[in-house]
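Given next are the chains, with one letter for each unit.
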Amino acid sequence: MKKVKLSKLYILAASCVLLSSLLIYKLSYSQNTEQPKTQQNEQPVTDCFESREGYTSVTRVENVAPKHGFPNVKCSQTTGGVLWWGDAYDGTIPMGEMPICGDYTCGSYEKGEDAVVRPREPQLKYFNLNPEQHCAFCHNGKMVPFPKNKKPRLLAAHQDIVADSLQLMHGRAAFWCLDCHSATNRNRLIDHWGNEISFNQPQKLCGKCHGEVYIDWRMGIHGKRTGMWVKGGKKRWWVCTECHNPHTVQTNRFNPLKPEPAPALPKGMKNADHEQSEHGLHKEPSLSSAPANPSTGH
Amino acid sequence: MSEEKKEIANNIPVPASLKQGEEENKNRRDFLKDMGAAALVGAAALLTNSDDIEAKSTWAEWFQKNYRLMSDEEKKEAIARLEQRYSEEYGKNVTVDNVPAMKGVLFGYALNIQKCIGCRRCVHACVKENNQSRNNPEIQWIRVIRMEKGNFSLEDTDKGYPAGSGYKSGDNTSYGVQVGGNAYKDSGVVLEGQHYYQPENVPEKDAFYFPIQCMQCEKPPCVKVCPVRATYRDPDGIVVIDYNWCIGCRMCQSACPYWARRFNWGDPNLPKEEMNPNTHYLGNRPRVRGVMEKCTFCLQRTRKGRYTSCVEVCPVGARKFGNLLDPESEVRKILDKKKVFRLKADLNTYPKFFYFID
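In order, the protein sequences belong to chains Y and A. Counting from 1, position 40 in the first sequence corresponds to residue 40 in our numbering; the numbering is continuous, with no gaps. Counting from 1, position 321 in the second sequence corresponds to residue 321 in our numbering; the numbering is continuous, with no gaps.
Hints are not guaranteed to be accurate.
[Unchecked claim] Pairwise CB distance ranges, derived in the manner of DEER restraints:
| hint | chain 1 | residue 1 | chain 2 | residue 2 | range |
| --- | --- | --- | --- | --- | --- |
| 1 | A | LYS103 | Y | PRO94 | 26 to 34 angstroms |
| 2 | Y | MET269 | A | LYS149 | 21 to 29 angstroms |
| 3 | Y | LYS208 | A | CYS249 | 26 to 34 angstroms |
Calculated directly from the structure, the hints in this document are not laboratory data. This one's a predicted model, so the numbers in the text were calculated from it and none came from an experiment. A virtual CB, placed ideally from N, CA and C, is assigned to each residue, including glycine.
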């Protein structure tokens, strides 16, 4: 009888241990599974960049069209780029005076067309250090004296924009900051006729030298437009600096992008090795070994 | 032998109705009649039971006509039915338009092959816009192929043959029969490339990228082979599919020389929050299992004047879209100014998708 009782006790104890361990396991399991989920739910990518990273960005707003319930943008969760625009004109302002229209350059874009741009000024770091006077707060002729000539020199500031000012990576050392930036009004750009140009309209400046590309851009062949394709429809024109960094064009025309994920492999396929050049597709065949054993050559 | 055959014939079980006389046949007819009546009763029950929307709409969808043969009234009914069903299923206000082709518009597409960096943003923008199945099966309408840079030179075309086989250059037994491509080198094969490339960053130095999607052919082979005419070409040049009429035979898929068509092998998997509620009957409305789908140049957008989703997302501006009948449009300017080619132009499919270089 004693033996039986003991064994019963053992069983009870064992089952208790089992149960508690199960409970602990379950708890830890649920913690493990919940953690990544909540992380995903809490921090989906909602700030995404438009064309190049660290430039213009958009913040996702839910229910931009409350009737239908779609957001203004959809962001890529893997690369953080904008994938889809619900509102193509998010954060834009009118382009203002249309660029000069030549015989051939006018395209379908006549006067009074609804063209908008994403303003550049709100995105500029130094420009917005002082919200009222902008660059002129420092570059007022006193705190930072106006330069006397256009001779290249080492910069005391802004090395983050131009790392080595003696090797300006635009124009192959043929010109200097002040060929584009106004010497006396740093809030503005300047062209070689002395016209002051807003940072929001860089095309007016760039087009002065890069005429051929400018003509293409003006026609809609070069660069990007979003919005309406129809004649006279509202379009967002993407301006030069939204894709090109004028300070590094020579060495680093575009920052490389991280690609979006590849399509799923067909069912049953383990990897995509068959596409690689090792399998003889793009590899120069070794002529000496091929005739000896054709099966290894492929 | 003949007796043996007879024996075998006798051993095969014959349906009772065939063995017996006319009386039984009559009974069969009655039985079928009864069945028909029962089916009608069932149908009536389905139709009158207004609570069961799904059953009702399924019934109506089974008996709806080909989209092109439907009257305006029938189209309206079908659309109202779909809107109700989708709105319920996806928990948002889903609209299904049937905006017809604009007059005087023929859609054309141009892609700057020199600029494409292979980032695949267009692929995923398309999925976000067009309500494709997200996983299992994963469906994407655009494919981007990575191709290694190289030269297609005449000298290479006869390289790689075993010595003395008669194909090697300089060999007197060379007959010059085969040009490009052999067992050892695929120099003559077109469109070989990599679909599943995944480098750290794009573009890569030694590669170029080649996006392919539906070319909206003027003479589409897919339309020619469709046995039920579920796919056809609209006046604005878009080859569309009536998803309700498609029988899923996949003939079009094998006919398409551009690998543009995708088949729903399983039930499409579209999360509620991912669903794009702006849909078109012939475009991006949610599909079902067993139907074909493909790029429609985002006709739910473009027929209302908006750019396609892939044009808007391209970070390098390689994609251009417009009206081929308007000489001032972006695509026409490209055709005027740039060097343009069409994929597999030799097949006389007359694609409306142009590749160009600066």
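Quick check on a hinted range of 26 to 34 angstroms for Y/LYS208 and A/CYS249, using CB atoms only.
60 angstroms, violated
Y/MET269 versus A/LYS149 beta-carbon gap, inside 21 to 29 angstroms or not
26 angstroms, holds
Is 26 to 34 angstroms a correct range for the gap between the Cβ atoms of A/LYS103 and Y/PRO94?
Roughly 30 angstroms apart at Cβ, these two residues keep to the hinted range, so it holds.
Checked against the numbered hints listed earlier, the structure breaks hint 3 alone; every other hint is satisfied.
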